Amino acid sequence: MTFPLVIKNLEKSIDDFHLSIPDLAIEEGTVTAVVGTNGAGKSTFFKMMMNLVKQDNGEIEVYGHSVRDVDDSWKQQIAYQAQTMIGCDAFTGEQLRNLMAELYPSWDEALFRRFSEKLNIPLNKKVQKLSPGVKTKLNLALNFGKNTSILMLDEPTAAMDIPSRNYFIQFLLELMEKGDRTVLIASHQADDIKKLADYLVFINKGRVSQLLEKDSLASSYRLFWLKEEPPVSRVPGEIKRTYKKVILSNQPDATMTYLSQNNLVIVDEQIPELEDIIQEILMEGEMVDV
Amino acid sequence: MDTFRKALWLARIEMDVSKKHYLTLLIMAGIYTFFFYLSMPPYLEENIFIFDVFLIIYLVTISFSIKPKTFQYQKMDDDLYGSPYFAMLNQLPIKRKVLITSRFILPYMSIVIGMILALTGTYIFSPELQDAVDPLQLIALIVIWICISISIGGLFPASDPGDEIKRFTFFWSFASIIGFFVGLYLIFQVWLDTGFFKWTIYLANEHTLLSIMISIIVACLVTWYWFRHSQKQVKKIDYLQ
Amino acid sequence: MNLPIRLSKSSREPIYHQIENQIKALIASGQLTTGDPLPSIRLLAKELEISSITIRRAYQNLEYSGFIQTSQGKGTFVAEVDPDMKTSMASQAVEDAILKAISTARQHELSNKEIIRMVETLLQKEDNQ
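Protein chains in written order, with the numbering used here: chain A, -7 to 282; chain B, 76 to 316; chain C, 260 to 388.
Watch out, some of these pointers could steer you wrong.
[Unchecked claim] Okay, derived cross-link-like pairs now, DSSO-like style, lysine-lysine, Cα gap no bigger than 30 Å in a straight line:
hint, chain 1, residue 1, chain 2, residue 2
1, B, Lys94, A, Lys121
2, A, Lys121, B, Lys150
3, B, Lys94, A, Lys46
4, C, Lys268, A, Lys186
5, B, Lys273, B, Lys144
6, B, Lys170, B, Lys307
7, B, Lys144, A, Lys0
8, C, Lys359, A, Lys186
9, C, Lys268, C, Lys345
[Unchecked claim] Some chain C residues close to chain A (C-beta under 10 Å, calculated; not the full set):
hint, residue
10, Ser267
11, Ser299
12, Gln366
13, Ser370
To be clear, the hints were calculated from the coordinates, so they are not data collected in a lab. These numbers come from a predicted model, not from an experiment. Cβ atoms here follow ideal geometry from the backbone N, Cα and C, with glycine treated the same way.
Use the sequences and the hints to build the structure in full.
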């Protein structure tokens, strides 16, 4: 197994904000979603990977090369899309294409054209004349065109309309088919996470979780509908109770053992929606270790 | 050499989108030439300080204003001032040396063009300046002023990577500008009893070759300093925007 | 290309297992025949909104037990399956469905007799139609 991105004990303080990332290795051929509330440090995390924000401690390696090395040829392996497209206002899409096509040896003209034609991106208009949604689309077209083995996308779908977002997902999945591409995506769209992600990484107030496999994370939670209200205020594993009889547990086995020992009848049960789990993790600050 | 070739390629891309702004350079050179021509006779006679001040304002404006807004130094987030265009390029696989070198090419080109235009223009129209300098010495004078402009104007490409703005940064920048002009006034007007430009005319006339050599050496050393300063900034700054 | 796979969120059966069993059932019932292409891992992961790791696991198990075949660069296809195995799988599928019905009946506190009577009534209804 190859790990194109490896992080070792990263630390960074900016004023009174502190970001710390334990050991994290992103596996080749996977999509990892970085999930967190606004201001939790997602963008800072991405910018540290690109060495735009400099680390205080620790190490980041791209295909084994430290991002702090004088030799920064690793940058040719990463297409990074920042949340906002800065410094491009005076250029047209075509001019930016010329810039990228020269800088990235892996540039794939067909990918760029296909994406921009499908989404009707006006390539001869200056970027400053484009709406935020179209800017994002152009930015994506350029980053897909770079055809790099690593894609790092910071909220790529934020300003996009639904059909374009669906096309983006489909396009990205098609790129993933070959199996040698690695994607890191920060998104607030539950849909992106559900349809694209293999792994999730949570960022909460500067603290970064481990890599969590999406389905194991989901199945480590369970929602139980009981016939009657349990006599205790908190049954083992319970993290939330609604309507007195609906219990969300993050230790389903312990909860089930308790319920059967105490003759409490389960009317129905299911794995909760991913959104609900994310909500619990981000709002309650409960960091999971699976 | 490869570094310079790549930097030139980047500068050309930048030039493609800033063509319109070169018209501004011509207009500005015209306006200032007219002003220099008008004030040349009283300046050569009475050392009016305002002439030197305008000459310096001219060299500063040509080195930073000839580019679209997004290339210019501006507020990028709460603590960082810099060029958004530089920040964008910094995300791409461009070697730092190439990137920084590319930032100096167009401003230096504007300085060379702007200085040659304004000084030869003034020379052609002003018989007083013709009396003061011979054509051959005029070349030395132009070289001296190109080198002065490069040394001062190099500050602008050197600040493209950005600066972290702290509480008193603006105060100190403002204070150093005032200090610079006060120093200029004290050295030339008070101490040497001449003008800055007038003094360079004297240098061009009396020590033609020596002044050319020294100004080129100084311009190279200062540019090297600005280059190092840029490198240090890119290495240090956190680009959060 | 869409496979009629329905994942049950309420089942205690792991998701990769559910996928395995449903694909097996599709093969047993003849809905998928030898040589039919299966969707790519990524595509199925997107359709079912689960991770590609889970799908890969299910596909690997299916390939290991001889139901499907993957050829490099071409994709995944239904393999040749022994007819006996198909029959036993079919009865397995029916058994599973009945077991599920029984557990629902238990939740509603139906007795064995009541369940049997219900099945008989339903069968008669079927015949009359």
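We went through each hint and held it up to the structure:
1. Of the pairs offered as hints, the one joining lysine 94/B and lysine 121/A holds, with about 19 Å between alpha carbons and a cut-off of 30 Å not exceeded.
2. With a C-alpha separation of about 21 Å, the suggested pairing of lysine 121/A with lysine 150/B holds against the 30 Å cut-off.
3. Simply put, lysine 94/B and lysine 46/A have alpha-carbon atoms about 36 Å apart, too far for the 30 Å limit, and the pair is violated.
4. With a C-alpha separation of about 15 Å, the suggested pair lysine 268/C and lysine 186/A falls inside the 30 Å cut-off, and the hint holds.
5. A C-alpha spacing of about 35 Å is found between lysine 273/B and lysine 144/B, which places the hinted pair above 30 Å, so the restraint is violated.
6. Under the criterion of a C-alpha separation no larger than 30 Å, the hint pairing lysine 170/B with lysine 307/B is consistent with the structure, at around 14 Å.
7. Distance restraint check for lysine 144/B and lysine 0/A: the Cα-Cα separation of roughly 40 Å exceeds the 30 Å cut-off, and the hinted pair is therefore not satisfied.
8. A hinted pair counts as satisfied when its Cα atoms are at most 30 Å apart, and lysine 359/C with lysine 186/A qualifies at roughly 28 Å.
9. About 27 Å separates the Cα atoms of lysine 268/C and lysine 345/C, which keeps this hinted pair within 30 Å; it holds.
10. Restraint check, serine 267/C versus chain A: the minimum CB separation of about 8 Å is within 10 Å; hint holds.
11. Satisfaction of the interface hint for serine 299/C is found here, the shortest Cβ-Cβ separation to chain A being roughly 6 Å, below the 10 Å cut-off.
12. Interface hint status for glutamine 366/C: upheld, as the beta-carbon distance to the closest one in chain A is roughly 7 Å, under 10 Å.
13. A least Cβ separation of about 17 Å between serine 370/C and chain A goes past the 10 Å threshold, and the interface hint is therefore violated.
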